[in-house]
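Visitor: Each chain is listed here by its residues.
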Amino acid sequence: MRDRSALGPAAESSDGASGGPARVLVVLYAIFTLAAGARATVQLSTRFADAPVAYLLSALAAVVYLVATIGLVRGGRAGRRTALVAITVELVGVLVVGTLSLVDPAAFPDETVWSGYGRGYVYVPLVLPVLGLLVLLRRRAGDREG
Amino acid sequence: MQTSLVVALTVVAGVVTLLGIASTLARRQIGLAHLAGAGVLEALLVVQAVVAAVAMAGGDTPADTPTFLGYLVGALLIPVAGVLWSRTEPTRWAGTVLAVAAAAVGVMVWRLLQLWEATGA
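Residue numbers (my numbering), protein chains in the order written: chain A, 1 to 146; chain B, 1 to 121.
Quick caveat, the hints were computed from the structure, so don't treat them as lab data.
Be aware that a few hints might be false.
Unchecked claim - If you want a taste of the chain B side facing chain A, the calculated C-beta under 7 angstroms gives, among others:
{"hint": "1", "residue": "Leu25"}
{"hint": "2", "residue": "Ala26"}
{"hint": "3", "residue": "Gly74"}
{"hint": "4", "residue": "Pro90"}
{"hint": "5", "residue": "Val100"}
What the hints assert, rightly or not - Computed beta-carbon distance windows for the label pairs:
{"hint": "6", "chain 1": "A", "residue 1": "Ser13", "chain 2": "B", "residue 2": "Gln114", "range": "40 to 50 angstroms"}
{"hint": "7", "chain 1": "A", "residue 1": "Ala107", "chain 2": "B", "residue 2": "Leu32", "range": "30 to 40 angstroms"}
{"hint": "8", "chain 1": "B", "residue 1": "Arg111", "chain 2": "A", "residue 2": "Phe48", "range": "36 to 46 angstroms"}
{"hint": "9", "chain 1": "B", "residue 1": "Thr3", "chain 2": "A", "residue 2": "Tyr123", "range": "18 to 28 angstroms"}
{"hint": "10", "chain 1": "B", "residue 1": "Ala36", "chain 2": "A", "residue 2": "Ile70", "range": "27 to 37 angstroms"}
{"hint": "11", "chain 1": "B", "residue 1": "Glu117", "chain 2": "A", "residue 2": "Tyr123", "range": "40 to 50 angstroms"}
What the hints assert, rightly or not - Here are some of the chain A residues that sit facing chain B, going by a computed Cβ distance under 10 angstroms:
{"hint": "12", "residue": "Val27"}
{"hint": "13", "residue": "Ile31"}
{"hint": "14", "residue": "Leu34"}
{"hint": "15", "residue": "Thr82"}
{"hint": "16", "residue": "Val122"}
Beta carbons are placed, not taken as given, at the ideal position from N, Cα and C, and that holds for glycine.
Full structure from sequences and hints, please.
Guide: Written out as structure tokens, the structure reads:
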């Protein structure tokens with residue numbers, strides 16, 4: 001039966017090897033790699049001396065997002081382990097930088113992606129690692145059963 | 001850069017986001033409605049880029065030009081990448097992939113407007 005619904009043909013089950021919810025994570029991480037990377041490039045190349053710590057943190061965030069994206073795209077056991085490490089670093093980063101930026105605003109004269117727990121990015125940087133860990137750990141539990 | 005264009009972009013981006021979520025909830029892949037919505041979104045983004053380019057050629061540049069250009073070009077790429085990617089996704093999450101891309105565009109255009117209004121001139 002050919003399905004002509006404007007909403008699209010019926011979906012396949014998402015129990016497959018890759019794709020599914022992990023694909024959504026990849027998109028989110030790709031967008032944040034782009035956002036943090038572009039921001040860090042502009043900040044470091046045009047006004048590094050103004051706030052070196054904040055700008056280096058932007059660059060670090062971009063690298064962490066990039067590693068997580070690559071790990072998620074590659075998939076498999078090694079890819080997921082890479083992503084798990086990157087996302088854990090990300091969660092620690094957003095919590096530490098978020099707290100520091102509120103406790104000691106003077107140390108962060110300019111915004112980073114992780115300032116104020118990612119308030120400049122509608123708190124997505126705070127929610128993203130939690131979602132990431134949930135998806136990855138759930139899949140890992142599935143591997144063990146299978 | 002006009003606020004009316006940004007509002008129109010936000011509305012279209014919102015519609016595409018809702019369509020994407022709807023197909024995920026309905027356990028469907030993406031269909032014609034999504035492609036049409038993403039096409040309109042991309043067309044509006046091209047109009048916006050042309051308007052901005054013409055204004056900048058006329059000497060009306062935002063204070064933070066590199067960041068502005070980054071957002072302008074980034075916003076152009078995201079719907080294309082989102083559609084290509086969600087078309088290769090056979091599960092119901094295809095719609096969510098597109099929804100995330102469209103929502104990102106909806107936020108980016110407001111940031112663009114903000115950057116534009118912080119004009120040096």
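Visitor: Work down the list of hints and note, for each, if the structure agrees.
Guide: Evaluated hints:
1. Proximity of leucine 25 of chain B to chain A is violated relative to the hint, the smallest CB-CB distance being about 10 angstroms (cut-off 7 angstroms).
2. With a cut of 7 angstroms, the hint placing alanine 26 of chain B at the interface with chain A holds, because the nearest CB-to-CB distance is about 6 angstroms.
3. The criterion of a C-beta within 7 angstroms of any C-beta in chain A is met by glycine 74 of chain B, whose closest approach is roughly 6 angstroms, and the hint holds.
4. Given hint, proline 90 of chain B at the interface with chain A, holds; its Cβ is 4 angstroms from that chain's nearest Cβ, closer than 7 angstroms.
5. Nearest Cβ of chain A to the Cβ of valine 100 of chain B: about 5 angstroms, under the 7 angstroms cut. The hint holds.
6. Judged by the Cβ atoms, the range 40 to 50 angstroms given for serine 13 of chain A and glutamine 114 of chain B holds: they are separated by roughly 43 angstroms.
7. Hint check: alanine 107 of chain A to leucine 32 of chain B, Cβ distance near 52 angstroms, so the stated range 30 to 40 angstroms is violated.
8. Hint check: arginine 111 of chain B to phenylalanine 48 of chain A, Cβ distance near 22 angstroms, so the stated range 36 to 46 angstroms is violated.
9. For threonine 3 of chain B and tyrosine 123 of chain A, the Cβ-Cβ distance of about 25 angstroms falls inside the hinted range of 18 to 28 angstroms, so the restraint holds.
10. Checked against the given bound of 27 to 37 angstroms, the beta carbons of alanine 36 of chain B and isoleucine 70 of chain A, roughly 33 angstroms apart, stay inside it.
11. Distance hint for glutamate 117 of chain B and tyrosine 123 of chain A: a CB-CB separation of about 24 angstroms, inconsistent with the stated range 40 to 50 angstroms.
12. Interface restraint check for valine 27 of chain A: the shortest CB-CB distance to chain B comes to about 5 angstroms, inside 10 angstroms, so the restraint holds.
13. Given hint, isoleucine 31 of chain A at the interface with chain B, holds; its Cβ is 5 angstroms from that chain's nearest Cβ, closer than 10 angstroms.
14. Checking leucine 34 of chain A against chain B: minimum C-beta separation of about 6 angstroms stays under 10 angstroms; hint holds.
15. Interface restraint check: threonine 82 of chain A against chain B, minimum CB-CB distance 21 angstroms, threshold 10 angstroms, status violated.
16. Of the supplied interface hints, the one on valine 122 of chain A holds, with its beta-carbon coming within about 7 angstroms of a beta-carbon of chain B, less than 10 angstroms.
Checked against the numbered hints given earlier, this structure breaks hints 1, 7, 8, 11 and 15; the rest are met.
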